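Engineer: Throw the hints in and build the complete structure from the sequences for me.
Residue numbers (the working numbering), protein chains in the order written: chain A, 268 to 642; chain B, 268 to 642; chain C, 268 to 642; chain D, 268 to 642.
Certain hints may be false.
Just so you know, same-sequence chains aren't split out, so a pair can sit in one copy or run between any two.
Computed list of lysine-lysine pairs in DSSO-like fashion (alpha-carbon distance at most 27 Å, straight line) [as the list claims (entries may be wrong)]:
(1) Lys600 x Lys310
(2) Lys566 x Lys310
(3) Lys324 x Lys418
(4) Lys441 x Lys566
(5) Lys310 x Lys607
(6) Lys566 x Lys552
(7) Lys550 x Lys441
(8) Lys310 x Lys602
(9) Lys356 x Lys451
(10) Lys441 x Lys552
(11) Lys382 x Lys602
(12) Lys634 x Lys418
(13) Lys607 x Lys451
(14) Lys382 x Lys356
(15) Lys552 x Lys418
(16) Lys418 x Lys602
(17) Lys634 x Lys479
(18) Lys415 x Lys600
(19) Lys502 x Lys479
(20) Lys628 x Lys479
(21) Lys451 x Lys324
(22) Lys415 x Lys552
(23) Lys415 x Lys502
(24) Lys382 x Lys607
(25) Lys451 x Lys383
Derived from the structure by calculation, the hints contain no laboratory data. Since the model is a prediction, treat every value here as computed from it, not as a measurement.
Protein chains: 4
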Amino acid sequence: MIGGGPGAFIGAVHRMAANLDGLIELVCGAFSSDAERSMITGKELFLPVTRIYGSYKEMIRTEAGLPADQRMDFVSIVTPNHLHFEPAKLALENGFHVVMDKPMTFNLDEANALKKLVESTGLIFCLTHTYTGYPMVKEARQQVLSGKLGKIRKVFVEYPQGWLSDLLEEQDQKQASWRTDPSKSGMAGAMGDIGTHAFNLAEYVSGLRTEKICADVNIVLEGRQLDDDGAVLLKFDNGASGFLVATQVASGEENNIRIRVYGENAGLEWQQEDMNSLIIKWKDKPAEILRAGAGYLSKSALHNCRTPAGHPEGWIEAFANHYRNFALTTMAKIKGIESKSEWLDFPGVEDGVRGMRFIQKVIESGKSSDKWIEY
Amino acid sequence: MIGGGPGAFIGAVHRMAANLDGLIELVCGAFSSDAERSMITGKELFLPVTRIYGSYKEMIRTEAGLPADQRMDFVSIVTPNHLHFEPAKLALENGFHVVMDKPMTFNLDEANALKKLVESTGLIFCLTHTYTGYPMVKEARQQVLSGKLGKIRKVFVEYPQGWLSDLLEEQDQKQASWRTDPSKSGMAGAMGDIGTHAFNLAEYVSGLRTEKICADVNIVLEGRQLDDDGAVLLKFDNGASGFLVATQVASGEENNIRIRVYGENAGLEWQQEDMNSLIIKWKDKPAEILRAGAGYLSKSALHNCRTPAGHPEGWIEAFANHYRNFALTTMAKIKGIESKSEWLDFPGVEDGVRGMRFIQKVIESGKSSDKWIEY
Amino acid sequence: MIGGGPGAFIGAVHRMAANLDGLIELVCGAFSSDAERSMITGKELFLPVTRIYGSYKEMIRTEAGLPADQRMDFVSIVTPNHLHFEPAKLALENGFHVVMDKPMTFNLDEANALKKLVESTGLIFCLTHTYTGYPMVKEARQQVLSGKLGKIRKVFVEYPQGWLSDLLEEQDQKQASWRTDPSKSGMAGAMGDIGTHAFNLAEYVSGLRTEKICADVNIVLEGRQLDDDGAVLLKFDNGASGFLVATQVASGEENNIRIRVYGENAGLEWQQEDMNSLIIKWKDKPAEILRAGAGYLSKSALHNCRTPAGHPEGWIEAFANHYRNFALTTMAKIKGIESKSEWLDFPGVEDGVRGMRFIQKVIESGKSSDKWIEY
Amino acid sequence: MIGGGPGAFIGAVHRMAANLDGLIELVCGAFSSDAERSMITGKELFLPVTRIYGSYKEMIRTEAGLPADQRMDFVSIVTPNHLHFEPAKLALENGFHVVMDKPMTFNLDEANALKKLVESTGLIFCLTHTYTGYPMVKEARQQVLSGKLGKIRKVFVEYPQGWLSDLLEEQDQKQASWRTDPSKSGMAGAMGDIGTHAFNLAEYVSGLRTEKICADVNIVLEGRQLDDDGAVLLKFDNGASGFLVATQVASGEENNIRIRVYGENAGLEWQQEDMNSLIIKWKDKPAEILRAGAGYLSKSALHNCRTPAGHPEGWIEAFANHYRNFALTTMAKIKGIESKSEWLDFPGVEDGVRGMRFIQKVIESGKSSDKWIEY
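Structural biologist: This is the structure in structure tokens:
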């Protein structure tokens, strides 16, 4: 693991997600660019001191030099955005598979470069867009793909948060500080941090590709350097339209990402606050509530459930599904067997490129006086 | 009553709403432009045949000629949009107060003319934007006005319906036929029919005024003549931004108008599917569920509740609140006493003008390649 | 109307319910046993003073003496329980149909006597057990009757209220005072006031008849004279079991009556807080949400909807459904035509007798050390 | 780990729960009484073959013989009920701490014996009553303990499942087979399997102790040997009353355990289907929704949250909380430091004894014709 030292949030989540299914074992880490802090975290995690590194470079090079059956199998990169590309590049160049937190890179150029590298090395790359790891999100996609909803006409996705309703970055809150700092976060704030999640979810569930956007991007809190709020009108490749809302100043909201997709025959709705339900509202018969773990779900959804219906699995489990599928795919590759299609269903480098393009285009549109710009 | 004959929907609703509180009695009507059909409806409603008229002109003129204590007190106009202005004009010119279904007129010019007439006659005018009649919508407005939420930053309003997911107008469904016909509905379809409701609700609850809009207006079903779908980015006079969604092709949706308003300290949420609850999500304390009929509500909300908490009042009651407040205001005027502020809280001619301006501007923006246009 | 004077709650509700559909007109009333107070209410209701009576006896006798086309058609009795039987008896003896608030009488003997009288006169009698007036409760019954759920195995009904969590009767609150007074309410408090509603709902929806009960009946607030809380284990005639909870000391609860019925294949659930939905949870397919006003409902449910799906109808509308069906049945009888089966679907004297028997048996069981007693 | 071999459900859950926080590592197991099947599971779990045992006796004795720093630290017992006591006894006698699935033993005698053994050895014992591991259940208990609700008057707990609506035991479903077999499950079926969960939850949240019960215990499906359904009236030590429902034949229900506790000032409500919310309904102010992860929660609740509000944690996390607290307590003991009060908050042997007593008394009451029996 690279990153995830003292004060970090997402590093601990990656570790829990990786632990859950007993397929992955944390064997080494460079948890901080400060070697002492890295050591502290590493010891807390029961790692032997020889596998606790002071920098990602040291770690990748040292591990690469170990015998194949003793070295780490892959790298998880959980640092702020400006520290994604270089470690990933080095890991790939040294033959390690990569799990990366989102958004994929600092800018679109890095994203394109990374994509080339992943493709040329043939290594496995997973981008942790958590929300597509939920079984009922996978079911939603399957329902759309099955054609039961008919041609898709509308896609609404929203991701309201309230935690940046105050200038937390002035209170030295670590999460807020780097996310609102253009030198670490990149050209976007909320649109990069959560807008990309919403965008990824919309394209994943609908199976559509965005063609045009019209964005209203705002800095609501005076003194903030990056957008903390925005709304985007969308046009998709099949003619459907939609909107995407991502805001971090919706006071009182937690993390309620939600998607609705309407086709000719029905609309479906999923939201994280009721993550184990998928509601399908039919045009001319009663709405249905599909539930995680139920026997009638698609193979794709059931593969991502650990427990029978009624035993709620949450955000860590969704996160863990990406890790599990990545691990299953990686183990299959190592063993030389073919991956099942369910295993391959995790976000990859192409999702990352599309996300970075989303960031660039949304910021561009936000500044434009033209209504529509090409995605 | 003018309109509301065989096959009509909203006419019956107006009658129930007027009946409910025992303050208003239906005394006469011109229910159809076809005298025979008007007679059928009038008889079903137990009216004496002498008060069942074959046209609104006949009704207004005849009633105006009756002694003051025998004539009708006011007129309810429940016809399609193209038949709003003329009857209203005639009624006002003959000294009758007016209740009008929304949107107020066929176009903005008529709206402005009507406003002048209402102001010059001093008569009372009520526009039935139903949703602001709900007690918890009134409470929402009071919460915003109280300043507890802090400065308003975001306003989200949405009105998804699914009933026009098919070309019902080709099946001769009366409701669909006139609403999708530009000669009866006006320049807008969904944006006029339900977009104006959403717009009115947003301005009512937030207390803000719209300054700029950017609209995506769509005809989703091929062959339809008016928009059946749209989304609008909004900028308000205090700098807040927001969006408005109104669609009639969200298959499976019923009539779930919903509003969320976020201020510095909290967000509030109301939706018709849970109409007797108002949720306030505080930034740093537990969310609260305020309930219709509860003793802790504002005077404004409680005035519009008929029953104690836990006895759900619905859409007809919300509708009836406008009628009740209109009736209380009208009776006060007749008796020469002053109306209480709660009585005066019903939508009037200014709401109607703003709604018609919304229609005009949204359609204009929908056709424009500029992002923002002035409201 | 008999009762419903100053300070009353349910009288106003009966009037709104009767008004709503324009089928019934309030023509006279004895609103209080105090002639002056009766006059005050009557005038507020715009009645001519000649039809405002100082006692129910005066009213019934005077009205009976009017020509048939000028006298009232039926009587609504909305007084406390101890004043139900005598007015009903007199009304029936004078040829008037009767609408009665619940529970039907002061005790079981009166109930049996009333039943005989209704049967012998052939007049129409309606008991306002409000909750069976909801369209989705009617749909629930139809779903059970259709056999889709299979043999019924379990019936859970609960009616939690919190309004008697304090000794309101010591604060002279009119509603609390008579309901907690054995000389006015009868032998039961909560079990009579709301337990009978729950019992009626359970038998109505399940189509079963209670055979044995085991009751825990409590006076939770010290100093109170009648039960304010209770729970009852039930055995039904088909072998199913269930429970009924009725409490008025569940602090914070409003009026959330709720029923769940489980058969071999599915369970259904309805609760007043979401009164326009009926949820059916199937054993092996997705749960369904049936909605008031939707085209797929049974004829019985749709007959009791006034508006299309998505326009919430509430408690007053449910109440009004009983009035409407009573009125349609009564008008049919007057016109000598046959009533449709939907019109006849309102609670009658047999429901009243069963409710009074429930009260007697529950109180008996509450005092018994035997587990089961025969219903 | 003892048990949890091929076909088991709860064993895998224990492993995920133990894995999650990186505090516990699976080092050995006797996963089946069949040595071959134990080996299969052990290998799937990446254990070295030397630590995969053919029986619990072999495992405990062999591990006990290993050097202290190489042997397992504790035993998890996840076998059917009839195989709980003997392995636990042997483990304790050999100095191993124990985690045990519920209900604790096969009968009350074993439970009492186990309690003595735990007390005499001073070893740490954790019983996995999952539901008290949820942070919002812990918050519920803290709210009651704080006195804010006032004296508790009512406790309602229900645990409806539907999975035994058919005779799955005749289809050789492993979970159903042992649970409905008196030789493996003990004297109770549903009442032992889930009734004990509900009972534990009720006493944990309310802080009350049961004094009298009146039970209706049913075998609903013909041919079944143990109860699959029941309801219990309860009397608590402070005079409060309540009910407990546990059924496995509520067709269509998943696993929706739910508790409501009412005091003088408010009622609280928690249910697993919305596990991250705790609703407090105040008598005279708006209801509040408390949310997992929120800063305003008690220390006890926050200690059991891994993520900020809005990142749903589910059933596995609740389960893992018991493991984590058990591990923290055990590590503290090993290190000779004092446990924090939050760490000690997991179900122990006394909960187990009370659960077994509940089973015995409920079955006794179910057969009795007396209404109340002493707990």
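Engineer: Does each hint hold? Answer for all of them.
Structural biologist: Hint-by-hint comparison with the structure:
Taking the shortest Cα distances, Lys600 and Lys310 sit within 27 Å of each other only across copies (20 Å), while inside one copy they are farther apart (32 Å). Taking the shortest Cα distances, Lys566 and Lys310 sit within 27 Å of each other only across copies (26 Å), while inside one copy they are farther apart (40 Å). In this homomeric assembly, Lys324 and Lys418 never come within 27 Å of each other (Cα to Cα): the closest approach is 49 Å inside a single copy and 48 Å across copies. Only between protomers do Lys441 and Lys566 lie at most 27 Å apart by alpha-carbon distance; the minimum there is 22 Å, versus 40 Å within a single protomer.
For the homomeric pair Lys310 and Lys607, the shortest alpha-carbon distance between copies (22 Å) is at most 27 Å, but the shortest distance inside one copy (37 Å) is not. In this assembly of identical chains, Lys566 and Lys552 lie within 27 Å of each other by CA distance both inside one copy and across copies; the values are 25 Å within and 15 Å between. When the C-alpha separation of Lys550 and Lys441 is checked against a cutoff of 27 Å, the pair qualifies only between copies, where the shortest distance is 19 Å, while the shortest distance within a copy is 47 Å. For the identical chains of this complex, Lys310 and Lys602 are inter-copy neighbours only, at 16 Å across copies versus 32 Å inside a copy, given an alpha-carbon limit of 27 Å.
Taking the shortest alpha-carbon separations for Lys356 and Lys451, only the intra-copy value of 18 Å comes in at or below 27 Å, while the best inter-copy value is 57 Å. Within a single copy, Lys441 and Lys552 get their C-alpha atoms only as close as 50 Å, which misses the 27 Å cut-off; across copies the closest is 22 Å, which meets it. Taking the shortest Cα distances, Lys382 and Lys602 sit within 27 Å of each other inside one copy (25 Å), while across copies they are farther apart (49 Å). In this assembly of identical chains, Lys634 and Lys418 lie within 27 Å of each other by CA distance solely across copies; the values are 25 Å between and 33 Å within a copy.
Taking the shortest Cα distances, Lys607 and Lys451 never come within 27 Å of each other, neither inside one copy (37 Å) nor across copies (38 Å). Taking the shortest alpha-carbon separations for Lys382 and Lys356, only the intra-copy value of 10 Å comes in at or below 27 Å, while the best inter-copy value is 58 Å. When the C-alpha separation of Lys552 and Lys418 is checked against a cutoff of 27 Å, the pair qualifies both within a copy, at 18 Å, and between copies, at 24 Å. For the identical chains of this complex, Lys418 and Lys602 are neighbours neither inside a copy (41 Å) nor across copies (53 Å), given an alpha-carbon limit of 27 Å.
With identical chains, the CA atoms of Lys634 and Lys479 are at most 27 Å apart both within one copy (15 Å) and between copies (16 Å). In the homo-oligomer, the alpha carbons of Lys415 and Lys600 never lie at most 27 Å apart, since the shortest distance is 35 Å inside one protomer and 50 Å across protomers. With identical chains, the CA atoms of Lys502 and Lys479 are at most 27 Å apart both within one copy (5 Å) and between copies (22 Å). Taking the closest pair of Cα atoms, Lys628 and Lys479 come within 27 Å of each other both inside a single copy (9 Å) and across two copies (22 Å).
In this assembly of identical chains, Lys451 and Lys324 lie within 27 Å of each other by CA distance solely inside one copy; the values are 19 Å within and 57 Å between copies. Both within a single protomer and between protomers do Lys415 and Lys552 lie at most 27 Å apart by alpha-carbon distance, with minima of 13 Å and 16 Å respectively. With identical chains, the CA atoms of Lys415 and Lys502 are at most 27 Å apart within one copy only, with a shortest distance of 22 Å there and 38 Å across copies. Taking the closest pair of Cα atoms, Lys382 and Lys607 come within 27 Å of each other only inside a single copy of the chain (23 Å); across copies the shortest separation is 49 Å, beyond that limit.
For the identical chains of this complex, Lys451 and Lys383 are intra-copy neighbours only, at 23 Å inside a copy versus 58 Å across copies, given an alpha-carbon limit of 27 Å.
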